[in-house]
Structures are given as C-alpha cells and as structure tokens.
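Chemist: Okay, here's what each chain looks like letter by letter:
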Amino acid sequence: MNAMALLQISEPDQTPDPHQRRIAVGIDLGTTHSLVAAVRNGVAECLPDEAGRVLLPSAVRYLGEGRREVGHAALAAQADDPHDTLVSVKRCMGRRLADIADAERLPYRLVDRPGMLAFMTREGVKTPVEVSAEILAALRQRAEDTLGGELFGAVITVPAYFDDAQRQATKDAARLAGINVLRLINEPTAAALAYGIDRGSEGLYAVYDLGGGTFDISLLRMAGGVFEVVATGGDAALGGDDFDTALADWALAQAGRTARGPHERRALLVAARAAKHALSDAPSTRLECTLADGPLAVEVSRAQFEALTRPLLERTLGAVRQVLADARVPRDQVQGVVLVGGSTRMPQVRVAVGELFGRAPLTDVDPDEVVAVGAALQAHQLAGNAGDGEILLLDVIPLSLGIETMGGLVERIIERNSTIPTAKAQDFTTYQDGQTAIAIHVVQGERDLVDDCRSLARFELRGIPPLAAGAARIRVSFEVDADGLLQVSARELTSGTEARVTVKPSYGLEDGEIARMLQEGFARAGDDMAARALREARVDAGRMVLATRSALAADADLLDAGERAAIEALLARVQDSASGDDADAIVAAVEALAAGTEAFAARRMNRGIRAALAGRRIEDI
Amino acid sequence: MNLADDDYTLFALPRRHALDLDMLDARRRTLLTQAHPDRHVAQGTAAQRVAMQWSVRINAAWRRLRDPLQRAAYLCELGGVPVRLEDNTAMPAAFLQQQMQWREALAEAGDAAAVEALAAEVAAAERAALQRLQRQLDDEQDLPAAAATLRALMFVTRFRDEVGRRRDALGQ
Chain A
409 MNAMALLQIS
419 EPDQTPDPHQ
429 RRIAVGIDLG
439 TTHSLVAAVR
449 NGVAECLPDE
459 AGRVLLPSAV
469 RYLGEGRREV
479 GHAALAAQAD
489 DPHDTLVSVK
499 RCMGRRLADI
509 ADAERLPYRL
519 VDRPGMLAFM
529 TREGVKTPVE
539 VSAEILAALR
549 QRAEDTLGGE
559 LFGAVITVPA
569 YFDDAQRQAT
579 KDAARLAGIN
589 VLRLINEPTA
599 AALAYGIDRG
609 SEGLYAVYDL
619 GGGTFDISLL
629 RMAGGVFEVV
639 ATGGDAALGG
649 DDFDTALADW
659 ALAQAGRTAR
669 GPHERRALLV
679 AARAAKHALS
689 DAPSTRLECT
699 LADGPLAVEV
709 SRAQFEALTR
719 PLLERTLGAV
729 RQVLADARVP
739 RDQVQGVVLV
749 GGSTRMPQVR
759 VAVGELFGRA
769 PLTDVDPDEV
779 VAVGAALQAH
789 QLAGNAGDGE
799 ILLLDVIPLS
809 LGIETMGGLV
819 ERIIERNSTI
829 PTAKAQDFTT
839 YQDGQTAIAI
849 HVVQGERDLV
859 DDCRSLARFE
869 LRGIPPLAAG
879 AARIRVSFEV
889 DADGLLQVSA
899 RELTSGTEAR
909 VTVKPSYGLE
919 DGEIARMLQE
929 GFARAGDDMA
939 ARALREARVD
949 AGRMVLATRS
959 ALAADADLLD
969 AGERAAIEAL
979 LARVQDSASG
989 DDADAIVAAV
999 EALAAGTEAF
1009 AARRMNRGIR
1019 AALAGRRIED
1029 I
Chain B
-9 MNLADDDYTL
1 FALPRRHALD
11 LDMLDARRRT
21 LLTQAHPDRH
31 VAQGTAAQRV
41 AMQWSVRINA
51 AWRRLRDPLQ
61 RAAYLCELGG
71 VPVRLEDNTA
81 MPAAFLQQQM
91 QWREALAEAG
101 DAAAVEALAA
111 EVAAAERAAL
121 QRLQRQLDDE
131 QDLPAAAATL
141 RALMFVTRFR
151 DEVGRRRDAL
161 GQ
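Just so you know, the sequences run in chain order A and B.
Residues in the first sequence are numbered from 409 upward in steps of one, following my numbering.
Residues in the second sequence are numbered from -9 upward in steps of one, following my numbering.
By construction, these hints were calculated from the structure, which means they are not laboratory data.
Misleading hints may appear alongside valid ones.
[As the list claims (entries may be wrong)] The following label-pair restraints were derived from C-beta to C-beta distances:
1) B/E152 / A/D963: 51 to 61 Å
2) B/L68 / A/D963: 24 to 34 Å
3) B/R56 / A/V911: 47 to 57 Å
4) A/A1019 / B/A118: 35 to 45 Å
5) B/L68 / A/R521: 19 to 29 Å
6) B/L75 / A/V947: 49 to 59 Å
7) A/L901 / B/D129: 45 to 55 Å
8) A/R521 / B/A118: 50 to 60 Å
9) A/D510 / B/L11: 42 to 52 Å
10) A/A690 / B/A113: 49 to 59 Å
11) B/V71 / A/A1022: 46 to 56 Å
12) B/L59 / A/H491: 24 to 34 Å
13) A/E971 / B/R56: 35 to 45 Å
14) B/L75 / A/A1019: 55 to 65 Å
[Stated by the list, open to error] If the Cβ cut is set under 10 Å, some of the chain A residues that face chain B in the computed set are:
15) S496
16) V533
17) L555
18) G557
19) Y569
20) A791
C-beta atoms are modelled at their ideal positions from N, C-alpha and C, and glycine is treated no differently.
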C-alpha cells in the first residue's frame, strides 16, 4: 500500500494540469467472468488480482452476517452451497421471472417481482443489480489498489442487444458500487476499439461476437476521426452453450441413453464442452462422463461435430447477412472482421466467417480480454487523459422504441440503429369524445404487436381538456441519451393547460429501493452514508469549479461584466458551501452554478461549432 | 450558428435538393466531433446538457437531409408550403389510375419474373418522379408543384416496399 507515497509522473506527451490525471478504467461485466482494464504507460491492459489472474469469475456467495465472497472463492463453493452462490446473474439483469426460459433449471430460490426477479439468500432477497454491484465493487477495489488512487470513473460494457431495462439495471449496479459511469458502451464496439482501428485505418469493419449465451454482430465505420456503429444485430438466445447442448444430445442419441435430472444433465454438458474444446485442435475426440446407469463414452469427429452444429452456425450467418442488408452494404466492402468471444475459437466459425466476407478474420487480441481493453481506451479518452487526435465513438440503439396504440399495435417512434443521442416526437390524439386522460405504454422491440415487445414503462397523461374524439393533439417525445437510456414525456398541445409527464422507464426498482440498497451497503462497509454524501458533494463541487474556471479562462470574452460577476458569485457560493459540512447546501450551490452557466455553455458551444465548420470548409477547398 | 437555425445553415450547405451526400456526412462528423457529450464529460452538467441538445439536433437534421423525400418535404416547409402528408391525399386522376393498375398487376403476378418486371417499372417511375421533384425545387422553385409530386412519390415508395416484400416472399 505504498503506492500512494510514490510521486506520479505523467506521460511525456501529456500535460495533466489543470485537469489532473484521472483514474479511469474499462469494465467488462460478463456472464461468466468480469475484467477491469486501464491505460498504463500508454498501453491498455487488464489488471490482475494479487494472484496474477485477470479474470474474476462473475460469482457472489452470501455467507451470512453481511459477509460475502466474490470471484474464485465463491465459484469454488458453488457445488456445496448452490442456493447462496449466485453465478450468471447477468442473464437476469432487468428481467422478470417469466423472461427466463429455463428458470426451473437454475438452482436458486427465485423471487418473482413485478419489474425484475430476485434471489432469496441467507442474507435476504437480493436483486441481480445488487449481485452485480458486488462484482463491480470487487473490480473497483482491484483497480484502486493497483492504480493507487480513487477511481474517477469507468466505462462499462453491455451486450449490443441489451434493452433499456438491462442498461438501466447495469448503470444502477455501478451506482450501488460507488462507480461514476462515464459511459455504457456496446461490447462489440469496445472490441473494435481494442483492435487499434484508428485514424489511419478508415473503412468498414464487422465484429462477430459469439459468447456463451449470446450472439452479436455489429458493423462499424471509421471515417474522419469518427468511429460509428452503422448497424447492429444478433440473437440474444444463441451462443456457445447451444453448441454444447447439440453435441450432448447427439452423443446421448448415439449411445441410446438418457440423462435424468439436472445433476446428470450438468455432467453431460461439461463433458460435451470439454469435447468441443478438444475438437478445436484435434480431428476427433471421445466424449466421456458418468451417468447413473453407468459410464458414457462416444467417439466424435470434428466433421460430425461441425455437421450437427451447422444449423447453429447458419443462424449466426443469417444474422450477419441481415445486418449487411439493413446497412445496405455489400459484404466485399468490409475490410476487417474482428472475432470476439471464446466460442469463436471453433475452427468452423473462423472458416465460415472468413468465407462469408472473403477475408480471414482478425484474431490476434485475446478474445476474453478484448472487450475490457477497448472499454479502457474509451475511459481514458472520456476522462480527458488522452491527447489530441481523439476518436469520437458514435453508437446506436439496438432495438426500436415505440408506444402502444389502439388494438395492441406498436407505433415505432425511434427506429433501431439510430445514432445516439437522439430524440423524436410524434403526435397522437384521443379515441373518445370528452376523453381527459390517456394511458401511454412505452415498448421496445421490432415486432408489430405490443405483446411481442418488451414493456418498458406505463404512465398516464391527465388534465387533457374534454374535446371531440380526435381533436386533442398529444405530443409524445422520446429522448435517448449517449448511454442508450430513454426518457419519455407527453404534452397536450391544443390547450393552454400544459399537461405534461416525464418518465424514465424502470424495471421496477424505485429510487427509494436504490436508496435503501445504498444505505445497506454503507452500513455493511462500516461507512457512513452522510459522510460519503458529503465527500462526493465536495468532489463534485471541486470538479465544477475547475471546469468553470477553465471555461472562463478560455472564453471570458463571451460574457459582459454583469454576467461575469453573476458567475463569479455562483462560484464563490460553491466554494463557500464546500468548506462547510452541509452536503445538501453544496449540491444546491453546484446546481445553481450549472443553471447559471448554461447560457455561457451554449455560447461556447456556438463558438466551437462555428470554428469547427470554418476549419472544415477551408479543408474542403 | 445556433440551435434554432435551419438544417442547411447548421450544416453550412446550399439550400437545394441536389446534395453532396459525402459532404453532408463529413459535415456531420465535424459537428459531432465538436458537440458530442463525450467531448464535454469533464465540463460539468451545463455543458453536458448543451452538448446533448446539439447532438440531438445534429442527428435529427442529418437524418432529414439524408433522405431525399424528407429533404424535399423540409424544403417545401422552409419555403412556406406545408406538404401535409397526413391530411392532404388529393391526387391527379391519372396517378390514381396508374396506382390501381399497379395494384392489379401485383395481385395477378404469379411468378418471380412478373413481380420482377413490375418492380423495374415502379423503380423507373420512382426515379423519374424524384428527378421531377428535384427540378421543381431547385430549378423552377415551384413549391406547390413539388409538394404534389412529393405526395405522389410517397405512394410510389410505399408500393415499391410492398412489391419488395412480395419478391422476398417468392424468393424463399
């Protein structure tokens, strides 16, 4: 722990002041394992634990009395303590019990709740958000120990197909773990960044990401310093596990045997996975395991395995063709194909992907680490640590957003693959004479029927003046931020009375519940919530003062004397309050400063944009 | 330069229907490189809010300008001639007649070749209408005529999609 005593030396090409170098990491919060990576000495790399391991198994064991184990220790206890050792909770993030296809196969005591399922443990009911927060907190601790300082923030990756509820759940888990989320980015996008696709490599790239339980395909374009997701698609219920299942079922059929009960089933799947791995290097192998009625041993050749899993591979190729068609891109325009996920180690995947694109895929970055490394590079940029020549990343929303209309149909408002941030409004009207309220049901998905889409939120707009059916004009506005998170508002336009509602869709965790979880977490850590709130408020105040001062230093000429004095007064109030002990007062002063500098921020933006366009037009000539 | 400027001013492009799409894309990149929230992470909430507004505005304008029909509708509206797609469906008789012929042809098309022939005819009609639209907007500056062409064109594109779906269905 003597890292704090060491002097910090910045990289030669970077000047850390006035914004001190900030510790920023990338986190791959995975289904089976999680990683944290950071840029150190100009190189992005995964941070190992004290035993030198970079992979943290995504497993949390509740021991009772507020104690828990996270990672390897928890995983080791899984067989002995199955109810209280939780693994693969990522599959449950933002999901209801009814969404989980094989819930009865999970060894947990599941609790059905309206927004998101939960687990009954010896520590009480735990949501997937809380379990994920334990994993994130362990990674945060690892990063702070390794890098010797408090974390400024993290970029956390999510599967590209994650819907709003799953993204929101991930962000809440980070909040519980005390992590400032700089950005949520899509896993395939992070992988592409890790491949060093930079200004020098303009063109179109495909990322084929076959994980344990999911398949993602993304198409990205690098041009003019902007790395843009053009289209994304995939199959949320197709992964390497399905290859294991296909092989296991085939082996049983060959031997004329059956597997009874989840325990035998598990043993068979483990054997199938081992055989699958062996076939990546050997032309044939033997699938062996012990069932209740005796040992099972089946010879399998690579050709047989490839033939029986061909339909699964074809499904991934179908999704690739669909994305190419969505983007209206001929496949020979793709100049690089990146493979991500352990399942892409299967030779037939490499061959098939190579044949589809007519070029050999890129495989030189470790497929387990590539996502965290890419996230670390983005975190480094967002924290302001990278120099000039930064690349801007533009992501898209993976699934269309819309609302329910008459007859259970979906009216799409924001189409999938729209670049974020984005916003769109659409007008609707009333169905009956004198109708004074409407129910708005926000859904996400590509299907035409509401029942086939994911329900995100329901709310009511009241206070509509009674008019003839069809006369009212209700404008529903969707806004999706750079993390892909949605906010919806509705307003009646014809009346002077402004009926207006704004909601953030949620998966059932109320703000109050989050506050309770935070409180519990602090109590356990022996931390004091009030003290922590004060500390965070002060850090925030410090950042705001610094940001405002540097803005004033750069563009003070945009303000007249009166405006300048008003901002100085707001700054003084922030600094004043920050020297006191009242967290609420600090937060209020920071908010007042934010509100009071908005016009200044707008003028600075106008100036920046004008300068950028002027520069560009000279370049055009 | 501010948020209330029209799309063409925002992108510093001439207010015409004929548009260099590569230039449009390049301008969007330039604008977003300046305005995206990622560029203002450490600059406080006021800057973040402004960045969000600008990015949304830039993306919306880009989507509108990139699509030839939306671009045409926008030019009509800038010129004070609302297109009113939702409640103005008056069409010339000849156009309606052709629509009916097409629909009959689609209903009767029994094989891929027949659907293909219809698709080619519709595509040609669409191209011709787009050229007419561009001429009416850029050369003749006859906005009411352009709005009428645009309304007809919307029917043609919808029908083109129907033919496409039929072709996909036959292809499988």
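Chemist: Against the earlier hints, flag every one the structure doesn't satisfy and list their numbers going up.
Modeler: Going through the list in order, the structure violates hints 3, 5, 7, 11, 12, 14, 15, 16, 17, 18, 19 and respects the others.
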